[in-house]
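Q: Using my numbering, the first residue of the sequence shown is number 1252, and each one after it goes up by one.
Honestly, the hints are just simulated from the structure, not real lab data.
Model, not experiment: these values are computed from the prediction.
Treat the hints with care, as some may be off.
What the hints assert, rightly or not - Simulated DEER-style distance windows between Cβ atoms:
| id | residue 1 | residue 2 | range |
| --- | --- | --- | --- |
| 1 | V1306 | V1260 | 32 to 42 Å |
| 2 | H1296 | L1338 | 54 to 64 Å |
| 3 | V1336 | G1255 | 15 to 25 Å |
| 4 | A1281 | M1324 | 21 to 31 Å |
| 5 | M1335 | H1296 | 45 to 55 Å |
For each residue, glycine too, the CB sits at the ideal point set by N, CA and C.
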Amino acid sequence: MTQGEVLAVFQEALLVAMKISAPLLIASIAIGLVVAIFQAATQIHEQTLTFVPKVLVIALMLIVLGSWMMTMMSDLINHVFSLMVTL
1252 MTQGEVLAVF
1262 QEALLVAMKI
1272 SAPLLIASIA
1282 IGLVVAIFQA
1292 ATQIHEQTLT
1302 FVPKVLVIAL
1312 MLIVLGSWMM
1322 TMMSDLINHV
1332 FSLMVTL
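All chains, full assembly: derive it from the sequences and hints.
A: Take a look at the structure:
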């Protein structure tokens, strides 16, 4: 396996990691922004007010997008294992 092939595998793995984590991170940032605006408007600075909505949204997104995430990961693993067989 050449250095270029190894770098291609790492690049693909990083791309898959970004694709998988992006929806969760974007939702978490959006919920955090909405809660921060609400806290600034009402001057309520409770720490659990930001934590609970984020946990609920992330859990809901994991339920909805979990099969897609597992499919992406299994495709990557199958590709890596197929490359290992050719060695």
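Q: At the C-beta level, are H1296 and L1338 separated by a distance inside 54 to 64 Å?
A: holds, 57 Å
Q: Assuming the hint says 21 to 31 Å, is it satisfied by the Cβ distance from A1281 to M1324 or not?
A: Once the Cβ atoms are compared, 24 Å apart, the range 21 to 31 Å for M1324 and A1281 holds.
Q: V1306 and V1260, beta-carbon distance inside 32 to 42 Å?
A: holds, 34 Å
Q: Can the suggested window of 45 to 55 Å be confirmed for the beta-carbon pair M1335 and H1296?
A: With Cβ atoms ~52 Å apart, the hint holds.
Q: The hint says 15 to 25 Å between V1336 and G1255; measuring C-beta to C-beta, is that right?
A: holds, 19 Å
Checked against the numbered hints given earlier, the structure satisfies every one of them.
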